[in-house]
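S.K.: For the record, the sequence lines run as chains U and G. For the first sequence, numbering that gives the first Met the number 0 gives the first residue as 0, with consecutive numbering after it. For the second sequence, numbering that gives the first Met the number 0 gives the first residue as 0, with consecutive numbering after it.
Source of the hints: derived by calculation from the structure; they are not laboratory data. Careful, some of the hints might be misleading.
[Claimed, not checked] For lysine to aspartate or glutamate, the following DMTMM-like pairs were computed, each having C-alpha atoms within a straight-line distance of at most 20 Å:
(1) G:Lys194 to U:Glu74
(2) G:Lys342 to U:Glu163
(3) G:Lys457 to U:Glu163
(4) U:Lys109 to U:Glu163
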Amino acid sequence: MIRRITLATVAGTALAALAGCATSRSTLSPAGPAAGSISWLEWSVLIVFLVISFIMWLLLLWAATRKRGSLATHEPWNIGGGQSWILIGGFAIPFLVLSAFFLLSTVSLKSFPVHDGDSMHHPEIRVIGHQWWWEIQYLGHPEDRQFTTANEIHIPVGRPVDIELTTADVIHSFWVPRLHGKVDLIPGTRNYIHVQANAPGNYTGQCGEYCGEQHAHMLLLVVAQPEKDYQEWYAQQLNPAAMPTTAEALHGRDVFMGAACSLCHQIRGTEAHGFVAPDLTHIASRQNIAANSYANNTANLEAWVTHAQSLKPGAEMPNLAAFNGTDLRDLVAFLQQLK
Amino acid sequence: MSAAVQQRLLELWETPKTLHGLLSTVDHKQIAKRYIGTAMVFLFIGGIEALIMRIQLARPDQNILGPETYDQIFTMHGMTMIFWYASPILSGFGVYLVPLMIGSRDMAFPRLNAFTYWTYLFSGILLYISPFLGQAPHGGWFAYTPYTSVPYSPGWGMDFYNTALILLTISTTGGAINFIVTILRLRAPGMSISKMPLFLYSTLTVSFVTVFALPALTVANIFLELDRRWATHFFDFARGGTPLLWQQLFWFFGHPWVYIIFLPATGMISMIVPVFSRRPIVGYPYVAVSTVLTGLVGFGVWVHHMFAVGMGGLAMSFFSAASMTISIFTIVQIFAWVATIWKGWPVLTTSMYFALGFIALLVVGGLSGVVTAVIPVDWQVTDTYFVVSHIHYVLVGANMMPVFAALYYWLPKMTGRMLDEKLGKISFWIMFIGFNLAFFPMHILGVLGMPRRIYTYKAGLGWGSTNMLMTVGAFILAFGILISLINFFRSLKLGAIAGKNPWNADTLEWSTESPPEPYGSVHIPTVISRHPLWDEHEEEEDPNGERVLDQDRLTLSSSWLDAEVLALARMPNDTILPLLLAIGFMAIFVALTFQSMWVIVGALVYSFAIAAVWFWPKPEEGELA
Chain U
0 MIRRITLATV AGTALAALAG CATSRSTLSP AGPAAGSISW LEWSVLIVFL
50 VISFIMWLLL LWAATRKRGS LATHEPWNIG GGQSWILIGG FAIPFLVLSA
100 FFLLSTVSLK SFPVHDGDSM HHPEIRVIGH QWWWEIQYLG HPEDRQFTTA
150 NEIHIPVGRP VDIELTTADV IHSFWVPRLH GKVDLIPGTR NYIHVQANAP
200 GNYTGQCGEY CGEQHAHMLL LVVAQPEKDY QEWYAQQLNP AAMPTTAEAL
250 HGRDVFMGAA CSLCHQIRGT EAHGFVAPDL THIASRQNIA ANSYANNTAN
300 LEAWVTHAQS LKPGAEMPNL AAFNGTDLRD LVAFLQQLK
Chain G
0 MSAAVQQRLL ELWETPKTLH GLLSTVDHKQ IAKRYIGTAM VFLFIGGIEA
50 LIMRIQLARP DQNILGPETY DQIFTMHGMT MIFWYASPIL SGFGVYLVPL
100 MIGSRDMAFP RLNAFTYWTY LFSGILLYIS PFLGQAPHGG WFAYTPYTSV
150 PYSPGWGMDF YNTALILLTI STTGGAINFI VTILRLRAPG MSISKMPLFL
200 YSTLTVSFVT VFALPALTVA NIFLELDRRW ATHFFDFARG GTPLLWQQLF
250 WFFGHPWVYI IFLPATGMIS MIVPVFSRRP IVGYPYVAVS TVLTGLVGFG
300 VWVHHMFAVG MGGLAMSFFS AASMTISIFT IVQIFAWVAT IWKGWPVLTT
350 SMYFALGFIA LLVVGGLSGV VTAVIPVDWQ VTDTYFVVSH IHYVLVGANM
400 MPVFAALYYW LPKMTGRMLD EKLGKISFWI MFIGFNLAFF PMHILGVLGM
450 PRRIYTYKAG LGWGSTNMLM TVGAFILAFG ILISLINFFR SLKLGAIAGK
500 NPWNADTLEW STESPPEPYG SVHIPTVISR HPLWDEHEEE EDPNGERVLD
550 QDRLTLSSSW LDAEVLALAR MPNDTILPLL LAIGFMAIFV ALTFQSMWVI
600 VGALVYSFAI AAVWFWPKPE EGELA
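Just chain U, same shape as in the assembly (with noise of 0.2 Å):
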């Protein structure tokens, strides 16, 4: 009884963990019919895996155990007999368990417009894979509907979103779990993935490919909304920075603008165009910094701005350890009202 009880106990914390949670990354708790159709898949052959295992091991216990013998005797050495296992056990139930599984793989694949070719989509997001962040471009019509951001996608809730993913760098994967399985970003190659989240919430991924030293912290954050907020967050992204306003903030501006942070990061409709580091334009409305490594907060952007090799050893960010005092104050103000 006691026994009983500790294993359903022992079960349910371990269903509960896969079911996830709110900060959940399982692969079983799908937010997407994607991921909702792979992890039907994934429990049916989970299922069959562990009783499958389960069975074998008692098979081979029950097997080693029910007679005994001794080394000084043997069977004759032109003994035969035995074969119906090996024709059972090793072919016909092995045949049928995968056949099956084959089947519902490739009918499966089926729902899955990933790798079909070019010609047939029209991306609304460009993913770029970078050591180690993500550049978003939305691709709208015309291109005055275009703008770039990092690390945050924001998809409007319950219809697909078409992605094209690609790299600047190495090869990364673009990976989250509750939505999508993974798909490579790979140099000279364009792939595409339908994303499609079917309640609002946030959504975390990561880097699915080794891609050095900080592929741990690559993540990714996919915000599904309503599609009236969405439409609503699309038209607050296309705008160019927000003018500072404040004294700390103007002062921030200056001291962006006279030091080497401009020559890596874009600030739109400022002289900060520089290209090979996040988009910074509304920084202040996205949750993290570092690729979702950290919460975006005043603490954290100071330590980033003057610590960042401590917080994400080999980033490209350096460590820009002479920013103190009023400079840093006002510079970390100056990025939280680009909103």
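Got chain U sorted already, so can you dock chain G onto it with the hints?
M.R.: Chain G alone, transformed into the frame defined by chain U:
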């Protein structure tokens, strides 16, 4: 008469126990022990690297290792275990056992055998120079371009990766050719291809696979090194190359390689399970054919490593189907073993424990492999800890477990001393429990979305306690391995005397002394069945002394299908030339790593000179042939 004959054979075959003798021996038994010993050292090093990684990952947000150090360690762990432990340890058992199992006096090419050992050792040393320069490879054992090209990996690390691997492929290819010729040409009279021990089927199969698969790796390494230091652009998209070419080449080699480090282990199990079930294996032809088919179909599954790169559904489905097909050949073998145990009379020795443990882990690893063959599921679990779990169930389960079964089974033959059974079983249970604690939870973490190859992870994702559990499991596993090592060293002095055939086993290696004399058996045996020591035929029956061959270093050469005697083969004497040539090769590849042209030229000239001496025709040796 017999004593005098033995004395004469001993004088012909024995290597003097001097320094020169040590460096110049071509005795397959001595070389094999070096292979096994060296591979165990690499297992130890790779194990330490694994434990360091597990400490770093035990808790979230740890900073015991920096990212670059962590990347170097996981790369070195993978390379060490896959290239310098898993395959060489099986070569070691093969070099020891194949000649004894077929009743030959040595491998077909004893000097090549010495040469491949030395190059294996030197390639490992070359690889392990790199961490002492602080520049170990950091691109993973799979080394995907363009990350491993100079712009993203400017140090020497990936150059060491290339040169050490190319040197190793020379060694491995030479070894494979040696196995092929030995097994096809030196079998005892009467051991037709249908009477070969199953271990020979697996060794023969993987040797052929090696010869056809390994060039893809060599080519990939050469292309990458040319790209890195010699201004070519094979993988450079911006200059017309293609990064995916690396993946195709690497996995065209890489997946057959999985079977190279797996099949010989199944061959060992096919020897051990019947002996401890006290009956011949059930379905010998099925196992033999499955082994060969695994090797063949193994060439058609490599793309399942690349399901996420973006390719057509038809292509992916083909490789998914092939991957599922190949699992049937393994399942056939599993059921042959289970049926053998079921129909037989199991004797649960430590070796049998490890064999059973192997089957248990292989079932889990094989089935989790089927999970990843379902393409959409693979998109989710690929590059997560689910795959880390899968690879360790099949590589630790299907390589290390059989290796330990083989150590407990065959070490008494090699040392003449039995290992302690009680200590062995304790070691087994600790290893088995530790292994499952360390690796089973990885399935769950993978499904929960934890990617591989990350040096740390955030708190609050619910991964922390599972990781801690796995770290504890890893240390338990390491402790279990340590007990077996202690058991081994203890047995050398304190172990019971083994005698010729302590397990009352059925194959020819057990008809020799333990440890075997340098020449093997006095009379080259003859064979009439698959179980020479269990049938009524007397293998060494040779009243006229026709198969003593005590005129010179000689052995019998036979036809490849029916093993009918063809000729006498003259075997070479001990020589230091293989070592000298291996030193030349080492010099070439060290110099290549650093592009020192003059050293390369010098080492090439030196190597050509040594090879010329080695291959110079020696007329006096021709007389006997």
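S.K.: Compare the structure with each hint and give your call.
M.R.: Here is what the structure says about each hint:
1. G:Lys194 to U:Glu74: 18 Å, holds
2. G:Lys342 to U:Glu163: Roughly 59 Å between the alpha carbons, so the hint for Lys342 (chain G) and Glu163 (chain U) is violated.
3. G:Lys457 to U:Glu163: Violated. Lys457 (chain G) to Glu163 (chain U) sits at ~29 Å, over the 20 Å cutoff.
4. U:Lys109 to U:Glu163: Holds, at about 19 Å.
The structure fails to meet hints 2 and 3 from the earlier list, while all remaining hints are met.
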